[in-house]
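Protein chains: 2
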Amino acid sequence: MLRSHNCGELREDHVGQEVTLSGWVQKIRDKGGLMWVDLRDRYGITQLTFEEGRTKAEAIETARKLGREFVIQVKGKVVERYAKNDKIPTGSIEIDVEELTILNAAKTPPFVIEDETDGGEDLRMKYRYLDLRRGTVRRKLELRSQLAIAVRNYLSNQQFVEVETPVLIKSTPEGARDFVVPSRINPGEFYALPQSPQTFKQLLMVSGFDRYFQIVKCFRDEDLRADRQPEFTQIDCEMSFVDRDDVLDTFEGMTRHLFSSIKEVELGQFPRMSYADAMSKYGSDKPDVRFGMEFVELNDVAQNKGFNVFDQAELVVGICAKGCAEYTRKQLDALTDFVKRPQIGAKGLVYVKCNADGTFKSSVDKFYTQENLAEWAQKAGAEAGDLMLVLSGNTNSTRKQMNELRLHMGSELGLRNPNEFKPLWVVDFPLLEWDEETQRFHAMHHPFTSPLKEDIKKLDTDPGSVRANAYDLVINGVEIGGGSIRIHDKATQQLMFKHLGFSDEEAKAQFGFLMDAFEFGAPPHGGIAFGFDRLCAMFGGSETIRDYIAFPKNTSGRDVMIDSPSEVADEQLVELGLRLR
Amino acid sequence: MLRSHNCGELREDHVGQEVTLSGWVQKIRDKGGLMWVDLRDRYGITQLTFEEGRTKAEAIETARKLGREFVIQVKGKVVERYAKNDKIPTGSIEIDVEELTILNAAKTPPFVIEDETDGGEDLRMKYRYLDLRRGTVRRKLELRSQLAIAVRNYLSNQQFVEVETPVLIKSTPEGARDFVVPSRINPGEFYALPQSPQTFKQLLMVSGFDRYFQIVKCFRDEDLRADRQPEFTQIDCEMSFVDRDDVLDTFEGMTRHLFSSIKEVELGQFPRMSYADAMSKYGSDKPDVRFGMEFVELNDVAQNKGFNVFDQAELVVGICAKGCAEYTRKQLDALTDFVKRPQIGAKGLVYVKCNADGTFKSSVDKFYTQENLAEWAQKAGAEAGDLMLVLSGNTNSTRKQMNELRLHMGSELGLRNPNEFKPLWVVDFPLLEWDEETQRFHAMHHPFTSPLKEDIKKLDTDPGSVRANAYDLVINGVEIGGGSIRIHDKATQQLMFKHLGFSDEEAKAQFGFLMDAFEFGAPPHGGIAFGFDRLCAMFGGSETIRDYIAFPKNTSGRDVMIDSPSEVADEQLVELGLRLR
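Quick note, the sequences are listed as chains A and B, same order.
First residue of the first sequence? That's 161 in the working numbering, and the numbers climb one at a time after it.
First residue of the second sequence? That's 161 in the working numbering, and the numbers climb one at a time after it.
Among the hints, a few may not be true.
Which copy is meant is left open, because identical chains are indistinguishable; a pair holds if it fits in one copy or across any two.
Unchecked claim - Derived SDA-like pairs (lysine to any residue); straight-line CA-CA distance at most 25 Å:
1) 286 <-> 669
2) 225 <-> 162
3) 377 <-> 313
4) 267 <-> 664
5) 377 <-> 712
6) 286 <-> 668
7) 617 <-> 162
8) 377 <-> 691
9) 377 <-> 332
10) 267 <-> 676
11) 267 <-> 651
12) 423 <-> 313
Just so you know, these hints were derived from the structure itself, not from any lab.
Pulled out of the complex, with its shape left as it was, chain A reads as follows (with noise of 0.2 Å):
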């Protein structure tokens, strides 16, 4: 190798021995007579110096041609430092360089190379593998190297195989867009790249491999948001002859292993929570359970009392925020502008203090007593110091506006610390969700997902209110996994389809391969599949699923680095049987 040591192992043990180092110039300082090189690679940082009269001159004059980010290759002794750094490893010794060689030169680079850098987004994307070098990027990749194997490793020791599913497959007019990959040898005809591997771990439940899991890159043909990619990578599995706690518990296993081996944090059991639960008490099926604040439904206590605004909602609904009774007019007007944004999309809102005296003060005391108010507040647990949110209006939205509070009202008192994770599973997901646009049910997880046994009969009846046997797993208001108890019938199967408005012939065309391997001895099953972008981010502590990508698309998808997509040549898209429009 071009060295005998890297940059982040050498140690006052080592002091007399001679070494050979390799790396970046991370630093420069010339004080004339005397001159010190900082040598980085991955593994850390290794003070490097010249001294004149001592150090050959040959070396000298090598190491005053050096910038930063030059490549270069050393041979020294290590000797003890005079001034050690203990901020540093190797903080207590220093190379006294014999030999310099500049094994490559270096431009200067068009942003810092530090943890912190002056380089916006754009240009950092552009030259994203200089990006990579910065020691804060470079580590998230490394946090997720060192979680996938965690991942495999507890799952092989569980019995399960990793096996590869193909990345060229069908296309399928459910779900999401699919990428599509045009056939030479098949001139018309298309593959598409997977949306996941749902059909095929099911396949392979079929053929008994009885434990699956696979990480796998996905492909979504999506208008990207800003935290969206079009390839983005699950931790996909897959088991038989479970039911649902089964794989809760495993799973959960899996998740405790993790953040206790990796994170050194112990989670402990997760509750589950059904999904009308967590809609009735955060208003959203994924909640942040690290605070409470609760929605207190005052319906009872404050309809009927002659604020025209409640009585006319179909839900009217508080949260108690502690010790805010304080708050100012101006405070309380931010938090209606909150609300009131066009994403949220509330009318108004109406707040309750709660005063250190035992009084109430609140925007509605027109048309509410103080016993009234008392009421509320012995109904949201509201005390003397507390202030009382309540929104207004019909169920759903109103619920998605307390959220959006709920949430903003925990970031500001800090109580969504990043450092505490608060897992939960959220059972009990409906079956199907009403689309407006196309008039049709879609599968809410997908046509795969088994119904709870005792709803399958409102299937006809009453098709929005049957449950699915679908979990989610939610850390922290992340969703971080979801699944579910699959359809391993064939009846079932044609009848799901159905209710979903495939025709038979369409739903022998698509997946009659699956419905053909049910007929031929399918165990019960189900899985999850877990974001692993999103698992890495969380556990990097990161809100953005992009660091933790070596080479993220950005918001139209394209690689700027590689500039990609791009024009093909014409004889390329006469052999695919393609002309563009």
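Given chain A's structure and the hints, the job is docking chain B onto it.
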């Protein structure tokens, strides 16, 4: 879970326990009053017993409805078996069934689900999920999973970081044909699927990742041959601050570890051989060195003796087949027919028998004296009882022919033991190879491969003779991996592109980002990629990689199980800005 134990774990220790098992019906034997069912899952087979009078009538009635591959659940007591079966680990117990539930019925499978099946290739591919149910097939994929995790743990322990590189990248004209993916958001533009993550892993070296690996899907839109898949998997690796021997040592270590830990085979030191030597000794850049039978060049002893065929040949080359002097006329004719096959293409075959009495008998006795033939024999190390086989013609094609003949003889003589593993590094490949069709040089490895330093000066004068710092790992005549030390400076990379016929503009448009990166401090680096499908096949002792791929495509690139590729809806093409020709 729908079971308390799996079908492979019950032993005499469990006798007396109440258990619940789930699985597939493998076999039913009904002897009237007594009935046995073999219950199978991934972990093994357990025998169930039903006895009239003792077993509940209901369970017996249900049992009579069972057929092969039904999925059932049984509850019962573990009892010691009267007639023990020592061929299976559960052979000393059976389950005295108390309750039997059919979890799913099964139609009769289209072929027998046993290690040996009656299903033809096409049928098994259409019902791949049933083919995978056979133990022999499933175990191949279990081996693959085991190998992958062993590779990951080994490399992680050596400080390699697994980084996921993008699947949606940029199309480049170099190398094989890309699969392309039309971009909807950027109409008229296309992504390409990677043939390998080559440029990305090099950028990671520029980023200072120091040691990278990835087990990754790669794609090539080539006409398919029997053992080539449009999507395949590589173990892709790259290291910084290394020279060739560092890379070879590292991956020799990995390979030895895999063989030792998974196959309990100790490989010892891997010999290293130049490409030139491999070609002259074996006529192949991937010689099978499980046996000798090296080429012996006979020009100096066989030419100018009046045999026109040899006199006009560029090369006269022989091999010595030990102990084959007794070959019959028929056997020799068969060898001649073998080398004259169109795919081999020799004009004829000369033989020399070294008789037990010290005389020689050859097919060219007319031209050569006994003394002449004794000289040949001496050169070839042929002794009494041996057979020499000689071919002649132009050097390249004669070597190829002799390579085929050597392998054929090796097989015929039982010298290619599938349980013996002989690795070999082949090094110093040519940098460029001349392509008659396009009348230009192509990179033999790829355009990022570094020429040997001492040969760079010949790039302008004699490019065909320039050697690359490239290497292949060959085991038993199969190329398992290949790599090179890369170019890491812009000037050399530009020179290389020039010799490959790129204009400056083309080079910049396609690989500008890489050459830019080389200007910001690129370390010397090199790497290797292993064909993971092939490595699995070698470990499993199989000739074909398809067995080691869960859902392979056929030679028309079709997945006949899901019927892909397929047509897509017109609206989808409109969205992509495409129309069919």
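Intra- versus inter-copy proximity for residue 162 and residue 617 (alpha-carbon distance at most 25 Å):
between (71 Å within a copy, 24 Å between copies)
Between the shortest in-copy and the shortest cross-copy C-alpha distance, which are at most 25 Å for residue 225 and residue 162: within, between, both, or neither?
within (21 Å within a copy, 72 Å between copies)
Check residue 377 against residue 332 for me: Cα-Cα at most 25 Å, and say if that holds within a copy, between copies, both or neither.
Answer is both: 18 Å inside a copy and 22 Å across each meet the 25 Å cutoff.
As a check of your reading, is residue 377 near residue 691 (CA-CA no more than 25 Å) within one copy, between copies, both or neither?
both (10 Å within a copy, 19 Å between copies)
For residue 286 vs residue 669, is the C-alpha pair at or below 25 Å within one copy, between two copies, both, or neither?
between (43 Å within a copy, 15 Å between copies)
Pop the pair residue 377 and residue 712 into one bin, within, between, both or neither, using alpha-carbon distances up to 25 Å.
both (13 Å within a copy, 18 Å between copies)
Classify it for me, residue 267 with residue 651: is the Cα-Cα distance of at most 25 Å met within a copy, between copies, both or neither?
between (67 Å within a copy, 14 Å between copies)
Given identical chains, is residue 267 near residue 676, meaning Cα to Cα at most 25 Å, within a copy, between copies, both, or neither?
between (62 Å within a copy, 10 Å between copies)
Can you give me the call for residue 377 and residue 313, within, between, both or neither, at a CA distance of at most 25 Å?
both (19 Å within a copy, 21 Å between copies)
Copy assignment of residue 267 with residue 664, given that the CA separation must stay at most 25 Å:
between (64 Å within a copy, 21 Å between copies)
With 25 Å as the alpha-carbon cut-off, assign the pair residue 286 and residue 668 to within, between, both or neither.
between (46 Å within a copy, 15 Å between copies)
When no copy is specified for residue 423 and residue 313, does a C-alpha distance of 25 Å or less occur within a copy, between copies, both, or neither?
For residue 423 and residue 313, both the intra-copy (17 Å) and inter-copy (20 Å) Cα distances are at most 25 Å.
Every hint, counting from the list given before, is met by this structure.
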